[in-house]
Every structure is written in C-alpha cells, then in structure tokens.
Amino acid sequence: MHSSLVRVQNVFGFFTSVTFVVGALIALSALLFPTEPGSVNIDVTNFRVSKGRVRQYHATKPHELASVNFDLEADLNPLFNWNTKQVFAYVSVSYPGKKFSENEVVIWDRIITSSSKAKLRLKNQTPKYRIHDITGKISARENVTLTFHWNVQPHVGALTWGSAAESEAFVLPAIGEKKPASKPVVKKSS
Amino acid sequence: MSLLDSLGLSELRRLNVRQQLSQILNFALILATAFMLWKGLSIATDSPSPIVVVLSGSMEPAFQRGDLLFLWNRNLDMNKEGGFGGTQVGEIVVYNTGTAIPIVHRVVRRHKGETTPFNLLTKGDNNNADDIELYPHGQWYLDREKEVIGSVVGYVPFVGYVTIMLSEHPWMKTALLGIMGLLVVLQRE
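Residue numbers (our numbering), protein chains in the order written: chain A, 264 to 453; chain B, 1021 to 1209.
To be clear, the hints were calculated from the coordinates, so they are not data collected in a lab. There could be a bad hint or two in this list.
Below are the DSBU-like pairs computed for lysine-lysine, each with C-alpha atoms no more than 30 angstroms apart in a straight line [what the hints assert, rightly or not]: (1) K391(A) to K362(A); (2) K380(A) to K361(A); (3) K361(A) to K1193(B); (4) K400(A) to K362(A); (5) K400(A) to K1166(B); (6) K362(A) to K1166(B); (7) K1166(B) to K1059(B); (8) K382(A) to K314(A); (9) K314(A) to K1193(B); (10) K1132(B) to K362(A); (11) K400(A) to K314(A); (12) K400(A) to K361(A); (13) K361(A) to K391(A); (14) K1132(B) to K400(A); (15) K1059(B) to K391(A); (16) K400(A) to K348(A); (17) K361(A) to K314(A); (18) K314(A) to K348(A); (19) K391(A) to K348(A); (20) K380(A) to K362(A); (21) K361(A) to K1059(B); (22) K1166(B) to K1132(B); (23) K1059(B) to K1193(B); (24) K380(A) to K314(A).
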C-alpha cells in the first residue's frame, strides 16, 4: 500500500492541487480588484495621405496610404499589479465608410513589460503602421478619430481590455495635401 | 501465463471475466466523460476547439510555447463592457485558414459592412509584418465568421506543454495510453 510509486503519486497529486488552487486564487483576486490607468491624453498633430505601392497586395496600381502623427500622454503604472505579465498599449484610428461602415486600424503599439516603463509621453509620434483601407481609398475621409487602448495580459487568468481618450474627429486630407500641425480640421460628429 | 508473471501482471489472472468487463466499462466511462466535457465546453463557447495550446513564439512575450488559451467565440465585444459589437482590434483571435495548425494572433485591422463579410487583419506581437503572407494566396483578410474559431479570454501558462511533447514524440502517446489503460484495468475496486 505504501510503495514508493504510491508516495510519488500522492506527492504529485498534492503538488498539482496546490498549484491549481494558488493559481485560481491569484486569477480571482486580480478580477476582484480591477485596475484603471492614470490620466490619458491623446491628440492628433499631423496627418498626410500619399500614394504608394503596398508590398503584399500584388497591386497593379498604387494604393492610398494615410499617416497620422499624434501626441500621447498616458500613465499605465496602475495597470501593473501582482498578476500583470505585460500591458499591450495601442492606438487605433476609426472611420466610417460607404460599403464598409465600421473601420478600425491600429497605427501604433507598444509592449510594456514592467511598471518602470509604463509612463508614456510621446510628442508628434510617427505611426508604426500606415493606414491602408480595404477599398484602397482613404483620402478626404471624414469623421476620423484616434483612440488609445490597452490590453492587460495576466500571469494566469482572464485577459482584460480597456480604452480611453478618444481624440476629436478630424478629416483626412486629399492626396499630397499636408495639414499644419497646429490647425487640425475638426469636424463634429453628428 | 509465464509472460504475464514476468511482466508483473499476474494479478490479471485472478480477475474473473465479469470483473474485467466492468473494468473495461469503467475505462470507457472515463473516456466518454472527458469527451462530453470537451463537447459541452465547445457548445458553451460556440467554438470547435475551446482550449488551444500555443505552438509558436510569434506572440511572445504574452504567450510562450505550451501555454494554454481559453477561447470564446460568441462574437462578444471584448473591448467594451457588455457590448455585442463583434471582434475589435487588439483582441487576440485563433484562426484556421485550412493550414495544418491554427494560428493565434492579434487583430490589427477590422472592416465591417452591412452586406460584406466581417474582415480582419491579424499580426503576431513578436512578428514584424502582418499575416497576409500566412493567408492563402490572394487573400488579404480573414473572414470573422468562417475562419476565426475564437477570441482568447483566459490564459494558463505552461500546462499545455505536455501535448507538445506528446505530438513531437509519438511513442510517448502510445506509452501513456498503454499505461493508463493498464492501470484502469488493474485497479481493484
């Protein structure tokens, strides 16, 4: 009855149950104390639409690509608790359209793995990714907004998402036209 | 009979046929229960594969090889509380475009219309380029309804590594199944 195999089995069984319970407690405690970031501010500083060939799209004609620069100030320090493995911070651009009524495109992201790097202060940041619309046309698009989002990746448990600080709606310029940073064209959404 | 003795399985001889049959029934019951749990979870999450194991490092440091992911496919809007707006950018989806293994990557673009398919573009956090190269030739976007099998909502590290070991060393699978079967048959209760 008390052979070494049985002992090993018992020890392993006990180890897995303890690990499971501790993991479940960590995951639950993180859910019970939800976190919100500090102040978040986002602003469009500059935008431009140009024509270019997109490598992947095997396109015969050039596509329109939009590039939106922005200011961002965010304090993500409060998002780091005992169960935070990383925070994925990202900025998206959303705009309406005729055939595709809802469009959202990520233009910038950053993986933050420690709370010491969680204070974001970006000035006239150039986007990591340019906007390429599914229809190929993006110039003179109205009602465009920028939104800052974050995704908290836990060590164990549920992933959580949040967003804040939508910018004012603006109009993307026509091709080649460059709007000065100080005067973004603001169009109120109806 | 001497073979059984040398293998240390002489106990098998002492069980009568009736006992042996009931042991086999027990084993079948365990298999059926596991299968029912899996299918039940599949119905609850509306996903053909509600739990997946991460196979590549393309989402590091969020997910490493062997991590276990729990999926939800009822097209909830994970970004907004209580919303039903469908998959948003920043969500991590698992998709299958007919390749051998499903891929776990983050949504970076979404284009949705009234009459069009719900188009998504994905990218691995650890990759430099988006996933167009991974889609079938000539396809630029994923179809949310047809190709995505779920969004990641829960995470448990490392637990799935055993399945990677089993699939990379097939003899372990045979050995494990054999040992489990023998243990169940030999249990006397």
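Checked hints:
1. K391(A) to K362(A): Holds, at roughly 27 angstroms.
2. K380(A) to K361(A): 41 angstroms, violated
3. K361(A) to K1193(B): 54 angstroms, violated
4. K400(A) to K362(A): Distance of about 12 angstroms is within 30 angstroms: holds.
5. K400(A) to K1166(B): 26 angstroms, holds
6. K362(A) to K1166(B): 20 angstroms, holds
7. K1166(B) to K1059(B): Holds - the C-alpha atoms of K1059(B) and K1166(B) are around 20 angstroms apart, at most 30 angstroms.
8. K382(A) to K314(A): Outside the cut-off at roughly 35 angstroms; violated.
9. K314(A) to K1193(B): Distance of about 55 angstroms is beyond 30 angstroms: violated.
10. K1132(B) to K362(A): 8 angstroms, holds
11. K400(A) to K314(A): The given pair, whose Cα atoms are some 10 angstroms apart, holds under the 30 angstroms limit.
12. K400(A) to K361(A): 11 angstroms, holds
13. K361(A) to K391(A): With a Cα-Cα distance of about 27 angstroms, the restraint between K361(A) and K391(A) holds, given a limit of 30 angstroms.
14. K1132(B) to K400(A): 16 angstroms, holds
15. K1059(B) to K391(A): 42 angstroms, violated
16. K400(A) to K348(A): 39 angstroms, violated
17. K361(A) to K314(A): Holds - the C-alpha atoms of K314(A) and K361(A) are around 21 angstroms apart, at most 30 angstroms.
18. K314(A) to K348(A): 40 angstroms, violated
19. K391(A) to K348(A): Holds, because 23 angstroms separates the two Cα atoms, which is no more than 30 angstroms.
20. K380(A) to K362(A): 41 angstroms, violated
21. K361(A) to K1059(B): Measuring from Cα to Cα gives roughly 41 angstroms; hence the hint is violated.
22. K1166(B) to K1132(B): 14 angstroms, holds
23. K1059(B) to K1193(B): 22 angstroms, holds
24. K380(A) to K314(A): The hint is violated at about 36 angstroms.
Checked against the numbered hints given earlier, this structure breaks hints 2, 3, 8, 9, 15, 16, 18, 20, 21, 24; the rest are met.
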